[in-house]
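Based on the sequences and whatever the hints tell you, model everything.
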Amino acid sequence: MGKYLGMEVSFAAAEAVKLCNVDVVAAYPITPQTHIVERLSQFVADGELDAEFVPVESEHSALSLCVGSQAAGARSFTCTSSQGLALMSEIVYIVPALRLPIVMILANRSLSGPLSIWNDHSDVMSVRDCGWIQLFVENGQEVFDHVIIAYKIAENHNVLLPVMINMDGFILSHMFEPIKLMEQEDVDAYLPPYQPKFVLHPDKPVTMGAYAMPALFTEAKKAQEEALLASYPHILQAWKSWEKVSGRSYHPVETFCSEDAETLFITMGSLGETAGEAVRVLRGQGKKVGLLKLRLWRPFPFHDFYKAIGNAQRLIVLDRAVSYGGPGGPVAGEIRSALYNMENRPQVINFVAGLGGREVSVESFLEMFISSIEGKASGYQLFGVRG
Amino acid sequence: MRNINAYVVKTLSSREYIAPGHRACAGCGEVLAMRQVQKALGRNVIVASATGCMEIVSSPFPFSSWEVPWIHVAFENAAAVAGGIEAALKVLQRKGKIEGKKIFVAAMAGDGGTADIGLQALSGALERGHNFLFICYDNEAYMNTGVQRSSSTPFGASTMTSPVGSAQIGQLTWKKNMMAIAAAHGIPYLATASPSYPMDLSEKVAKAAKTEGPAYVHVLSVCPSGWGIPSDATVKFGRLAVETGFFPLYEIEEGKYRITVDVEELLPLEMYLKPQGRFRHLKPELIEQISRRVRAEWRELNRKAEEQKEIEERE
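Respectively, the protein sequence lines represent chains A and H.
Using the numbering used here, read the first sequence as starting at 1121 and increasing by one per residue.
Using the numbering used here, read the second sequence as starting at 2 and increasing by one per residue.
Don't read these hints as lab results, they were simulated from the structure.
Beta carbons are placed, not taken as given, at the ideal position from N, Cα and C, and that holds for glycine.
Worth double-checking, as some hints may not be accurate.
Rough simulated footprint, nothing fancy, chain H against chain A, three-plus residues with beta-carbon under 8 Å [as the list claims (entries may be wrong)]:
#1 1168 to 1177
#2 1187 to 1196
Far from chain H, by Cβ distances over 10 Å, these chain A residues were calculated [claimed, not checked]:
#3 Arg1219
#4 Lys1317
#5 Glu1397
#6 Gly1446
#7 Asn1464
In silico DSSO-like pairs for lysine-lysine, Cα to Cα no more than 27 Å straight-line [stated by the list, open to error]:
#8 H/Lys11 x H/Lys208
#9 H/Lys211 x H/Lys102
#10 H/Lys91 x A/Lys1324
#11 A/Lys1324 x H/Lys102
#12 H/Lys208 x A/Lys1324
#13 H/Lys102 x A/Lys1317
This is the structure we're talking about:
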């Protein structure tokens, strides 16, 4: 078992990629993703990681190159943020259709404009329906763990889908945290070498990326959705086996003080830690408040979600992206729709907060709670906006 | 003809790597070129294809014309995908995960996927020095979407987005010089080729594939549907393009220019332009203007090749 080391979370992510013994890394620099790829490129330069590090000329080519390398049988990695994701989004949608188990870290950052290098979730929400398995992590240890877990899930022959790990830009990527690294042999035991099911090789020619006429397109999409839905038990299994190796357990929906809660905060990513502090404060005041953290965003864990909300009467849903002219933030929209068929569904109050790096503090959560209780907040509002 | 060897096709491999039954138009010069290219590459190759005519005609799921491993991802990224395949083969062979036999990596794209939307990915891949071959099948417009102009469409050509009208003579810009752009990356091997000269094409593709580092082959792909010529005239127009100096066949090896199909005296350009529907509207003075430019470029190419000969003789 490894030991705790203080390090920047981006470096921890790079350590995990190294421990996965990836074959190809292709990336284009964009803040706040840069420290991950800088570190990986140093590992390659120092001979610590035997991989091809390909410094491509754009994010579009970063993911395209990973498609080529993964299709040729190489375990491939890329990471990006914001505009980089927007630029590569064309290819983002193609990867799951090709059933290629690429792993990508998205250091979440606002989409321009106005240009902002800071953190929110507008980038990932722009590719919500891209067909990748999408995970959110809350701290550095979770980033480290999930790189390894992501390959385990993705490469499972019953899954063969790409995995996107969402980690908040700066708030996580540039934070120094104590990280418990793993020994190489433990990772090797958990994550066997990549065995592609179909591979580009002259000994057994295959055609990848054939196009579909209307007579077959719908069936292709059905097959793709079924594959994503069918990944769910394998995701659980990957977490379960990781617990055996590391002692750390993960679930599609993480809960905190939720059992008897009347009001539940729902967060994704690093806000979970702050919200947890707020819940502690409120519990200290005798308020029946709890917290749900959505870790698995796609496939959406409906069952776990219903179980986790229990008998709560009020859900305070945090969104970190605006759906202009829509019914609220994208997360709240999904949650409302998930609740629609419930007989005694809880009230949903939606705060869009933490846009473009705006701080969301423990006090912010307390404020949201009070305005929700007092009936001042309802439906959808931008939290803390001036003017 | 001057270079009789250019027409001796019996020495080409009889093995086919593009299966019959593909959906190309009658007389398609591009699929003819692709067939010859694949013969020259043989079976130990992995091909990354851009979106375009050749992708569409060869891969309607659940059918495939490809007898070699082939992948299509998107329009503009064939060079990046090929770069990934090359990186994978390199690292997997180095790590002993796959056996070390030589496998060529080829990217293929039309003129749009090369000179327009694919230029950035191509430039990146050439600059990074991937060991691969990029083949541009140039039919001089966006034929797959119904004949719209590209930067590779010749001056004066009429297309659906560079139409002839009372105030316009067709395409108003000169064909982008992809050979010069690719050569500016300092890559070890480049060539132009035409399926009307199969041996020349075949030798160049084989040489390009064996080159260590990036190689670029630009193939003129006569398009009867888009150019407005009879479908049985494909090979003839491919030859006329060369014999009029409109599309010279040459190579650049380690910076050295060599004309591979010499033309002692260029045929009049009208012979190439006039019978084509896309140039039919051109008045004699415009043909003369184009002809002057074609001849100037031909002289410049000959000068570069001559210079090379002189250097070699001196050495």
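Results of checking the hints against the structure:
1. 1168 to 1177: That given contact holds, which follows from 7 residues of the stretch 1168 to 1177 of chain A lying within Cβ reach (below 8 Å) of chain H.
2. 1187 to 1196: With 9 residues close enough to chain H, the hint holds.
3. Arg1219: A/Arg1219 is indeed farther than 10 Å from all Cβ atoms of chain H, at 12 Å.
4. Lys1317: 14 Å, holds
5. Glu1397: For A/Glu1397, whose nearest Cβ neighbour in chain H is about 44 Å away, the distance exceeds 10 Å, so it holds.
6. Gly1446: 29 Å, holds
7. Asn1464: 47 Å, holds
8. H/Lys11 x H/Lys208: Measuring from Cα to Cα gives roughly 19 Å; hence the hint holds.
9. H/Lys211 x H/Lys102: 13 Å, holds
10. H/Lys91 x A/Lys1324: 19 Å, holds
11. A/Lys1324 x H/Lys102: 14 Å, holds
12. H/Lys208 x A/Lys1324: Holds - the C-alpha atoms of A/Lys1324 and H/Lys208 are around 25 Å apart, at most 27 Å.
13. H/Lys102 x A/Lys1317: 21 Å, holds
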